[in-house]
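Residue numbers (the numbering used here), protein chains in the order written: chain D, 1 to 126; chain A, 1 to 852.
Check the hints yourself; a few may be wrong.
What the hints assert, rightly or not - In the SDA-like style, the derived pairs of lysine to any residue whose C-alpha atoms are separated by at most 20 Å in a straight line are:
no.	chain 1	residue 1	chain 2	residue 2
1	D	K62	A	R838
2	D	K80	A	T733
3	A	K810	D	L56
4	D	K62	A	G821
5	D	K80	A	H495
6	A	K372	A	D356
7	A	K808	D	S23
8	A	K810	A	I551
9	D	K65	A	E841
10	A	K328	A	G348
11	A	K10	A	Q82
12	A	K808	A	D547
13	A	K810	D	D26
14	D	K65	A	D547
15	D	K80	A	A494
16	A	K705	A	T733
17	A	K275	A	G259
18	A	K808	D	V28
19	A	K566	D	Y90
Just so you know, these hints were derived from the structure itself, not from any lab.
The primary structure of each chain is shown beneath.
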Amino acid sequence: MSQSNAVRKESLGRVIHWRALCSSHDLVANSGVVAWHEGAQVALFHLPDAANGKTLYAIANKDPKSGANVIGRGIVGSLKGELVIASPLYKQHFRLEDGACLEYPEESLQVWPVRLNGDAVEIGVE
Amino acid sequence: MSSSDFPSSKANLVIVGNGMVGHHCVEQLVGKGALASFEVHVFGEERQRAYDRVHLSEYFGGRDAESLAMCDADFYASHGVQLHLGVQVLEIDRERKEVVTSAGRQAYDQLILATGSYPFVPPIPGAEGNSRLVYRTLEDLDAIRAAAANARRGVVVGGGLLGLEAANALKSLGLEAHVVEFAPRLMPVQLDAEGGAALRAQIEALGVGVHLSRATQEIVSGEEYAYRMNFQDGEFLETDLIVFSAGIRPQDALGRSAGLEIAPRGGVVIDGQCKTSDPAIYAIGECASWNGSVFGLVAPGYGMARGVAAQLAGEPHETFAGADMSTKLKLLGVDVGSIGDAHGATPGAKSYRFIDEANSAYRRLVVSADGKRVLGAVLVGDNSYYDTLLQYAQNGIKLPADPAGLILPLSDGAPALGADALPDTATICSCHNVTKGAVCCAVDAGITDLGELKAQTKAATGCGGCSALLKQVFEHELSARGVAVDKSLCEHFAHTRQELYAIVRVEGIRSFDELLAKHGRGHVGCDICKPAVGSILASCWNQPITDPLLIPLQDTNDTFMANMQKNGTYSIVPRIAGGEITPDRLIALGAVAKKYDLYTKITGGQRIDLFGAQLHQLPDIWGELIEAGFETGHAYGKSLRTVKSCVGSTWCRYGVQDSVGMALHLENRYKGLRSPHKIKFAVSGCTRECAEAQSKDVGVIATDKGWNLYVCGNGGMRPRHAELFATDLDDDTLVRYIDRFLMFYVQTADKLQRTSVWRESLEGGLDYLKEVIIDDSLGLAAELESQMQHVVDSYECEWANAIADPEKLKRFRTFVNDGRGDPDIHFVREREQRRPARAHELHLIPVAEEAL
């Protein structure tokens, strides 16, 4: 399904493999979609007009509070200058940047590096 | 925390009596940390732990003993307090400092008497068994209930506060209730003659017989009913049971036999510290007499309990100095209020009176000889004047130039007492004794949130009657300190929803980005402002919510036009207007539910909910539903949900109008209207009201001349009866009023505000709403109607719109790069249908599919 098409060294010394998940045409502007990656569910958010120039975010789809795979269906927002996704079930907020939960610090979501390579949306896995 | 570890190091504190006051004393002792120095024993004569006697009549309305209890069952044990229920204290041995109980002896260092009172039954020959019932304890109520089982009529002797409560109880047991009072008016202590007359008129209108100036001479066997009460004037009244509620007497027997000083009119004499003539013994509540008076209300008893607990905890305390007997209550559903010198007994006192014979309402304001202070007041029929008048009376606030304005109908713009006029000593919350000064302190300490203020001070957490005043004082204090009271929607818009609505409409704004750029902050918005603005745009322009610019604004339910359930699957509710469905449609619905194995349930709004669909299944399911003639039901939206109906004149022998036809007409007219919150309608075909229209946002009830319109009702969490808005309307006028009403609500309500809450927040209330909608006082009617017509004309089934557009359907994929469903969704079968698996059931389900 997805395949390794790039290998590079991150500055931390970790090796990142880029895996293509889907096409940029699958993304929905200012909202999310979900992609399957080897048993993991990755929510992809596309913010074409982002002020900081970072237009793509990849974050785990499972809401830790409900155990349901719904994060990709939440509303994207900005709280005190930080981009967040609100879980559609219980409305708690997770930072898109690092997956940290604003209301419950003990709950956080995995995030992946993500980039656009031509038309392909790719996430970085170790 | 256990207090029994080192019993020798602690003093023994014995409390006799486990009523409301005795219990409050224990709570205060716990709260003040006094249990560290006392081993506490509480003796209660009744088998039930302390319960709420103030709301005793609710025992007949369905509340049980447990729900009336003042605390959880383990409250005493968890704090190490020894509670001995069903144990009577027989004697106080002051020599040995022990109480003698039916179970043995218990030593005390300090003793608190909280034995309360007992009902006074005048010595009347023939009063026994069911002709000598009383109304005080749960056991008394059980006895009344048993007596009422075979009774048709019940009489209460005593027309005071408790007597009217008891009459209400008899009424709720289904009896024809009568009140017999010795005095020439009801509630002689609290009301004057005119007030008593107004109350009598209201109570008689409720079907309760009122017999004044009657002294019962004897009770003998009756002819039509079990007993006959013969009165002093030769008249008589027959009845099946008699409840005596002619006053209370302090339960002072223990103190009496122990040689404590007893007041001439009963009650253990106490000083300002609540100490009896024996310094080791306190008395609190209705068994105590201070300055010759016994206080038969709960608030003074609580005050005494607080004072004693503070003394025992070594804290500073206030001296008990009498109590204000002002009271406000609802008796048999009638508002009654009495403040201070209600009778104008103060020398030179002058009165203002307002009498409304049409509604049996009465208000009296008693002012001082110099006309500067409120001395007292009487209210019958409307207690909304009470809080302001009480503040005037308690705090000696100088009267306005025209004091009569304080009791005149509020629509005339009565001068309500502003928060700034209250002195710091003004009591805001009587239940928890919170003053304005305490609120100011909390604000000074940095509290800027009302919820936080309530949590910290406990204000407005008792009966809740002071909530509005508390909010007013709080906001005033915040403003006075230069803290802006923030009414912004969120951090991105410094506007209320109403303001944003006006901006969108006036400037013709059609997208969130445009609104944010012109009137907001930042570039993104959040999950508060996005759906609110999405709803405003839909209300104004009614473009399909699946349009690309609108999609990011919607909550998931609106985005996917279905209702997300706890496991991430959706439920589907097709519209079944008016609850009318053909057998073929019903079969089609059943076929779809069966094909996709959807859990199927009938909703409260006369439709059918299909649960358990995954995201990628929604377009297929809707394709089949649309094929069968269904359209979306908007169960996911803040929009019109259903118009419930009964079958009406078409089938029902009582129906007077075609309620189903009207329901269909209304549902089809307003379907698709997006609003600040969901809207529910119902139409009943006659006054029997089988469609329950009076619990809806818009309720329509048929009359033989047309339709009665009710508005702003609600079921659910905060039930509210809808109010009668207009009567005997023809079809066109009905629709016109509903057009205007709904659009006015859409324009002016706050976000996520139901019509019921909106109505309560409307200044001017129902009369104002009628002026705007019926009399067109704002000149808005034509505009409201044309806006509604735009929404009606631009209606389109959102699901049909989405199904026709492959781009929009791309959104309905569980995974954009894989055709599988969500492997984490598991169901089990229960009662022949699917339901989500619970966590502990998951290990029973084979998940080999994903195991690598």
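Check: Are the Cα atoms of D/K62 and A/G821 separated by 20 Å or less?
Finding: holds (14 Å)
Margin query: What's the verdict on D/K80 and A/T733, does the C-alpha distance respect the 20 Å limit or exceed it?
Written below: Between D/K80 and A/T733 the Cα gap is close to 50 Å, so the pair fails against 20 Å, i.e. violated.
Check: Between A/K372 and A/D356, is the straight-line Cα distance small enough, at 20 Å or below?
Finding: violated (26 Å)
Margin query: Run the distance test for A/K810 versus D/L56: straight-line Cα separation, threshold 20 Å.
Written below: Holds, at roughly 19 Å.
Note to self: Next pair to validate is A/K810 with A/I551; report whether the Cα-Cα distance is within 20 Å.
What the structure shows: holds (13 Å)
Check: Has the given pair, D/K80 with A/A494, been kept, meaning a C-alpha gap of at most 20 Å?
Finding: Holds, at roughly 14 Å.
Check: Can the restraint linking A/K808 and D/V28 be considered satisfied, given a maximum Cα separation of 20 Å?
Finding: OK: A/K808 and D/V28 at ~10 Å, within 20 Å.
Next item on the list: Take the C-alpha atoms of A/K810 and D/D26, compute the straight-line distance between them, and say whether it is at most 20 Å.
Entry: Given that 20 Å is the threshold and the Cα spacing comes to 8 Å, the pair holds.
Next item on the list: Decide if the proposed pair is consistent with the structure: A/K808 and A/D547, CA atoms, cutoff 20 Å inclusive.
Entry: holds (8 Å)
Note to self: For D/K65 and A/E841, compute the direct alpha-carbon distance and say whether it is at most 20 Å.
What the structure shows: Holds: D/K65 and A/E841 sit about 18 Å apart, inside 20 Å.
Margin query: Check the hint pairing A/K808 with D/S23 against an upper bound of 20 Å on the C-alpha distance.
Written below: holds (16 Å)
Notebook entry, point to check: Hey, A/K275 versus A/G259, does the alpha-carbon distance stay inside 20 Å?
Noted result: Status holds; Cα separation ~14 Å.
The structure fails hints 2, 6, 10 and 14 (numbered hints given earlier, in ascending order).
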